[in-house]
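The residues making up each chain are set out below.
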Amino acid sequence: MSTEGPAEASPPRSPIPDPRSLAVLVEGLVKRFGPTTALDGVTFGVEKGELFGFIGPDGAGKTTLFRILVTLLVPDSGHASVLGLDVVREYRALRQRVGYMAGRFALYPDLSVEENLRFFASVFGTTIEREYAQIAPIYTQLEPFKDRRAAALSGGMKQKLALCCALVHRPDILFLDEPTTGVDAVSRREFWDLLGNLKQSGLTIIVSTPYMDEADRCDRVALIHRGRLLAVDAPSAITSAFDRPLLGVRTKDRYKALLAIRRYEHAHSVYPFGEVIHYTDKRADAPVNQLDRELRGFLVASGFADASVELLAPSVEDTFIARTAASDEPRSPNPNLEPPDPGSRIPDPAPRGAA
Amino acid sequence: MTDIAIEAKDLTRTFGSFTAVDHISFEVRTGEVFGFLGANGAGKTTAMRMLIGLLAPSSGTARVAGHDVYTESEAIKRSIGYMSQRFSLYEDLTPRENIRLYGGIYGLTRQQIRERTDRMLARLGLAGVADEQVRSLPLGWRQKLAFSVALVHDPRIVFLDEPTSGVDPITRRQFWELIYEAASAGTTVLVTTHYMDEAEYCDRISIMVAGRIGAIGTPADLKKQFGVDSIDELFVRLARPAEKRIPDPGSPIPDPYFPSDTKP
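Heads up: the protein sequence lines correspond to chains S and E, in order. Under the numbering used here, the first sequence has 143 at position 143, and the numbering climbs by one with no breaks. Numbers in the numbering used here are just positions in the second sequence, counted from 1, shifted up by 355.
Derived pair list, reagent style EDC-like, types lysine to aspartate or glutamate, alpha-carbon separation capped at 16 Å:
# : chain 1 : residue 1 : chain 2 : residue 2
1 : S       : Lys-256   : E       : Glu-532
2 : S       : Lys-256   : E       : Glu-536
3 : S       : Lys-256   : E       : Asp-558
4 : S       : Lys-252   : S       : Asp-306
Partial selection, computed: residues in chain E whose CB lies under 10 Å from chain S:
#  : residue
5  : Ala-397
6  : Leu-494
7  : Glu-517
8  : Gly-521
9  : Asp-523
10 : Tyr-535
11 : Glu-536
12 : Met-551
13 : Ile-586
14 : Leu-593
Calculated Cβ distances over 10 Å to all of chain S for the following chain E residues:
#  : residue
15 : Asp-365
16 : Thr-369
17 : Phe-370
18 : Gly-386
19 : Arg-404
20 : Ser-414
21 : Asp-423
22 : Gly-462
23 : Gln-466
24 : Arg-469
25 : Gly-480
26 : Ala-485
27 : Val-489
28 : Ile-571
29 : Phe-581
Calculated from the structure, these hints are not laboratory results. A virtual CB, placed ideally from N, CA and C, is assigned to each residue, including glycine.
Use the sequences and the hints to build the structure in full.
Given below as structure tokens:
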């Protein structure tokens, strides 16, 4: 990609909330596996009662981060606390209070729905009956199938059972690692509706997903890519930080038009997005109507007489593309990453280059 | 040769008392990018397994690349490429070794394999990692390589089962450009996806609902026909009844392929 605009200066950040109201506080977290750096200095905070999303593709570091936060993995450096408890030193106390739904279906396929739930309840020293109120909104949908083996459930039902098992010990915070991956668009919506209801009960919920369009379901999101956070903010704030006008081109022969626009001298980014081609211009500060007019002129001259051009509101996915296109070029450490928290109580994490 | 790549008529598959695929009829034209959509459990996978010659239909007919699914499943397998999200490449082999393996399986000569290896690696920009284990490559690179490997024997049709699941947005788009490239060279592409924006990239799509085809057409025509703004909206509208698998008699879904006498 060509130029790096001034917008890549630093990711937008929402004001840091009062540390006492934080359910999760993470500072400079680093985790390596051999030559691979899974987490490369990750810093963020999640408030109590928030529905917080990690949005990023496979391999971005989402699962590693979640496993550290639920005390299943120890970081190489940096700090993390959940519900005020240190994830390394106070893991025993913390384990009683977190609910975790792993990305892979992690229930016992040979046990029935009810047996799975009973097992997870017993591990935490409780019973389905005692916790029924907590899980009822979800479990009532599963109860007609309670004798069915977990392996024989549909994808959406498996996810609901896994959610029940993660909730059965009344956790104060819930970590859901890619609960909607591979699930169809309808079941995904239903699952997010469930999470919305759970949030109403005051539970803090942290979810990861590779589907960018799910960002809007969250109070705040972190865009994560190659072990780094590209932005942490409310979805609307993330999209409003898009640094230049986003134009949409509609034409019959999209693929040919796509290739043609790439040859346009002012093209900054050109990519398909559903039925529209998304376009940004190198001249970030030029007036929109000029960009619009000139692009349309180019299209007509290139043989796309039917092409229309319109100004679009950027989505979270557009923002992700813009930021990763810029960051994908150099694989070297990015000095623009998260600046240290000004309001943080925790002293600076170990220098990132040191380990 | 005809310009119909896939032709299914009343194709049906039952498992015991359960009808997974219920009299589906559709055609895919040569060189078309056809999106095969549906909710989990709607019958997509069963339908696809019948079309690629891995599962015998209970009734109905289908021809794929001109071959009958009942009697010529081996010929079908030689005429098609297949790539799934879960498994396509051997991770402990290198890109070069994977290409050689698949080229060999499909009976290419050493000379052909050598030429295609160089061409594919150059096209994908993977020449620099040609001799590294596939497992060490980013998912997006692996998926692009898997797609090219699925095309190594110049199949007439390529079946892609959720090829972009979990892939980052930029690579996902590069992947679709590979699809367009293959289609404009005459390869027919049948693709499934859970990304509804990708449905818009297809020439035509079908949406399976409870074992049947609930809608079929170009994305633009379908949006017009159902009065919706996006395929996502259409999908949610159609696919919801699929969970109960009860046909809705009051449904506004036009059903050109199911004269009422074929319904159970």
